[in-house]
Each structure stands twice: as C-alpha cells, then as structure tokens.
Amino acid sequence: MENIILLCIGLIVSVCFLVLIAQKVKIAYPIFLVLAGLMVGLIPVVPIVHIDPQVVFLVILPPILYDASQNMSLKGLWKWRRIITAMAFGFVLFTATAVAFVSYWLIPGFTLAQGFLLGAIISPPDAAAATAILRFAPLPKGAKDILEGESLLNDATSLTLFRVALAAISTNHFVWYEAAGSFIWVTVAGIAIGLAFGFLFYMVYKWLPTTANIDTALTLVIPYAIYLTAEEFHVSGVLAVVSGGLYIAYQHHFVFSHKSRLKSGALWSAIVFILNAIVFFLIGLQFPLIAKGIQSLPFFSALSVALTICLVVIFARTIAGFFSVIFTRFISRYITVAYNKPGWRNPLVLSWVGMRGVVSLASALAIPFAVNGQAFPNRNLILFITFTVVIVTLVGQGLALPWIIRKVKPDGTPVNKTEDEQIFELEIALNKTAVSNMQATYHEHVQNNILLKQKYEFLKHKTALLYKSNEGDSARKQAMEIITQFKAVMLNVSEKERSVLHSFRRHPDFDDDILRFVEKRLDLEEESLDGNAE
0 MENIILLCIG LIVSVCFLVL IAQKVKIAYP IFLVLAGLMV GLIPVVPIVH IDPQVVFLVI
60 LPPILYDASQ NMSLKGLWKW RRIITAMAFG FVLFTATAVA FVSYWLIPGF TLAQGFLLGA
120 IISPPDAAAA TAILRFAPLP KGAKDILEGE SLLNDATSLT LFRVALAAIS TNHFVWYEAA
180 GSFIWVTVAG IAIGLAFGFL FYMVYKWLPT TANIDTALTL VIPYAIYLTA EEFHVSGVLA
240 VVSGGLYIAY QHHFVFSHKS RLKSGALWSA IVFILNAIVF FLIGLQFPLI AKGIQSLPFF
300 SALSVALTIC LVVIFARTIA GFFSVIFTRF ISRYITVAYN KPGWRNPLVL SWVGMRGVVS
360 LASALAIPFA VNGQAFPNRN LILFITFTVV IVTLVGQGLA LPWIIRKVKP DGTPVNKTED
420 EQIFELEIAL NKTAVSNMQA TYHEHVQNNI LLKQKYEFLK HKTALLYKSN EGDSARKQAM
480 EIITQFKAVM LNVSEKERSV LHSFRRHPDF DDDILRFVEK RLDLEEESLD GNAE
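The numbers in numbering that gives the first Met the number 0 rise by one with no breaks, and the one at position 280 of the sequence shown is 279.
Treat the hints as calculated values from the structure; they're not laboratory data.
Among the hints, erroneous ones may be present.
Stated by the list, open to error - The calculated lysine-lysine pairs, modelled on BS3-like cross-linking and capped at a C-alpha distance of 27 Å, are:
(1) K461 - K486
(2) K431 - K467
(3) K205 - K143
(4) K495 - K454
(5) K495 - K467
(6) K519 - K461
(7) K143 - K454
(8) K23 - K406
(9) K454 - K406
It should be emphasised that the depicted structure is a prediction, and the values quoted were computed from it without experimental measurement.
Given only the sequences and the hints, what does the whole structure look like? Please build it.
Spelled out as structure tokens, the structure:
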C-alpha cells in the first residue's frame, strides 16, 4: 500500500512539474507529457509501470466524462445536434470501417473482426487533448461546441463497437441485426439510467438540507454511481454518465448555492487536470514496453503499418468531414439546419482536431490476453498500433493545429448577438433589477444605511453609464474608460487590503479560519472586478 501511495505522489508531482515546463516553453501539456513519458520510458533504470485498464475505465474515465458534461453548453449541444450526432456516430463508424479493411489488407493473418476491433479502439478523438491544445489557437464558439458535443458521444459509439468486435472474435459469430439491436439497447438503456440517477440526485439536492461540503462530496460520488450501475446492466456507462451529468448541470443553478458551485468547480477542475495529465504521461511511458512486445512482425514493418493506419485515420476523418458539408447543403433544402453554408474552412479544422487519448488507451489495454484457451491473436500488435496512433496524432496533429488554425482562419458561425453584446445586455438587466428592487422594497433602508445608500448610488450610476454607452462610439468609449478605471483602482485597493490581512497572520488573537474567510471574500470581489474567464 505504501508503494502505491508513493507511486501516486511521485506521478502527481512529476506531471505537475512537467506541466510547468510545458507552460514555460508554450507547448500544450498533453503533447509535452507524452514526449516526456516517451523519453523517460527509454531510460533503462526507470521501473516498468503497467496500466490496469480497469483503473482507466472505473477510476479515470467517469470523472472526466462527468466534468465534460458539466461544462458543455446545452444550447450548443441542441443547436448543433445534427452535426454532433453525425460526427459521434457516423465519423466513428466510417473511421473504424476504413481501419478494419486497410489493416485486413496490410497485416498478414489479420482478420476483419480484428480490424474492426482496432478501428473501434482508435476511432474516437480525445476531448481533453483538443481542449488543452486549443488554448494556444482558439476556435470560434460554434466549432468549439461541436467538438465538445462530439467528445461526449463518440466514446460510447467506439466502446459499443469494441464490445461487438470483441464478441465476434471470441465466439466466431457475427450477425449484423443482432449487433445493431445490441447497439440500440446499450445506448437507450445507458441514457435512461443516467437520467434516472440525475433526477435522483436532483431530488436529494432540492429537498434535503445539504451543505456546500455535502454537495461537493456527492458530486464525487455521482459519476461512479452512474457508471458502475450502467456497467452492471451491461449498457453504456459512458452515455449514462454523460446524460446524468448534463441533467444535473442543467439543475445546478436551481438547487446549488454559490458556495457549492465555487467549491465543486474548483475541486473538479483540479481532479480532472491531474487525471488527464497522468494518463498522457503514462501513454508515453508505456510505449517502449509495448514496442518490445511485438512478435508477429519485425519492428520496422510494424511501425510502417502503424504509420499507414495513422494516415488512414486522419484521411478518413477529413473525408467524412467534407462529406458532411455536402450532406448539410443537400438536406438544408428539406429541413432547417443550424448553418446551411458551412464552407470548407471549419470542416477542415474540425477534421484535423482528431487527437486520440484516454479511451483508445483503455480500450487497447482491455483486450484480454487469451480467448477460447489460446493467446489473443495479434494483441501486442494492436496495442503497438494504438499507442503509435495516439502518440502521432497527439504530437503531430497537436503541434500543427495552431498553425493550421492561423492559416485556414475558420469562420465564426453567424450569431444574433456577440459575446460582448450578450454580457452588456445582461449586465444592464441585472443592474436595473437591483436598482429597482432596492428603490421599491428597501427605500427606507437605503436612506438610513450609508453602505446601502452608496451601493444603490453605485448601481444607479453604473446602469446610467451602460445605457449612455449605446448612444455612439464616443459615449461608449467614455463609459468604458470610467468602468475600466474603477476596476483598476478597486483591484489595487483590494491588493492593499490583502497585504494588511496578511499582517494579521502573525497576530495571536486572529484565528486562521477567520482570516481564510476574509481572504475568500477578497478573492470573490477581485473575480467580480476582473471578470476575465480563462
């Protein structure tokens, strides 16, 4: 047990240090961690670390999926539901089929069922890698929503196809309509279980007197409870976690206090970052060990096959992307679509964002060592190809992605209001509501309480400034200068307050809990003044 704890501590400290270096050299941390793991794995004295697929599926995957569903825009998911569905199901199936036939033709003794197994493993792109890399070259909002929505669903498609292919290899029996029926069952039942758990936890949050700590603790339980229940019924745990997470995310604003949201948000951000970072590091660390296990082909022959399949994966997604453009233009004549003129820029960039990651890793490692009393055919070769595809797409496509975005310049999809306009109108509406409520309900308090009076005057003048900024460019500029100056001064004042607060830490009469409480208030005030999202 002590060795496991020390290993976990060592991994966390190592990946955090490597991420700091990645930030310093301005390389997306998934790419840097994979390369670092690869180099460390080549050092002879480094102990061999085996990744248990059950750890990936049962420990790492549920919280990553749950966090992604919590941060997904429900409006974006609904707006782009058609293209997201086409990418999550159609792109994955097309890529898996292309890989199946190419690997069947390329590899001696490789069956079509093994080809579909390999295709199912390497077909779904990884959302965490794309999100981290896109920080260096952000996509338009619509494209980002599409990628996030795809990442929530494509894992379910690939894992279901993986199960079907594995069953076909194990039983030497495959009937397409049985496979289709199984796919529909695991999909529908998985979503139903997720929604049922989501509603159950919603009732707990709504009707029981939970605290922020209890709320946060329960959010750690939810993804595991949903995933394990779904897997117990042999349905899609991925879709169960996603659907349950989306339902709870929708209800957050109605049942969670601001304390619960702040605490759980901060905790989940750190947890998911650590899990993703460890997985990317282990991918590189495992590759030398996987390469040594190849027996069916010479190393360079296996490497050439793996690189060829990498090209197949990239081109299959690109072909599917441009086919979706043609289909969108055609179908827009008969039904209403979110965007009927997608052009070529956005599909090209979306097609390139195809880095593989944690699901491909877990699926490959989950291949059994033996089937029907014999060694699983070509297991080590499938593992080698998978790890090669993950590394090449992460490093190759990942490093090239910011350059491609700058050169292609993807179009922003048409919107009724820009982000600045939305924030502006919301701020006016909220300030106007606050001023009206204080004037109508708390008029006497405002007149007699100097703090309330000052706050009321502040909100009233700020609302007037925001209205005035609509009168023209010069008025807007003047209003923005006043607000910007106010924020700068108050941020400086807040820093002075923080310095004074720190001086009280040495005073024996002031408790640390009280100091932390006051410091948290300063943090929230600074956040409201800054107003910059990462």
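Against the structure, the hints:
This hinted pair checks out: K461 and K486 have alpha carbons roughly 12 Å apart, not beyond 27 Å. The hinted pair formed by K431 and K467 meets the criterion: a straight-line CA distance of about 14 Å does not exceed 27 Å. Annotation: proposed proximity of K205 to K143 is violated, straight-line Cα distance about 32 Å (limit 27 Å). The hinted pair formed by K495 and K454 meets the criterion: a straight-line CA distance of about 21 Å does not exceed 27 Å.
For a cut-off of 27 Å, the pair hint linking K495 to K467 is broken: about 32 Å separates their Cα positions. Straight-line distance between C-alpha atoms of K519 and K461 comes to about 25 Å, which keeps the hinted pair within the 27 Å bound. The suggested pairing of K143 with K454 is violated, with an alpha-carbon distance near 38 Å, which exceeds 27 Å. Restraint check for K23 and K406: the C-alpha separation of about 25 Å stays at or below 27 Å, so the hint holds.
Simply put, K454 and K406 have alpha-carbon atoms about 49 Å apart, too far for the 27 Å limit, and the pair is violated.
This entry does not satisfy hints 3, 5, 7, 9, going by the numbered hints stated previously.
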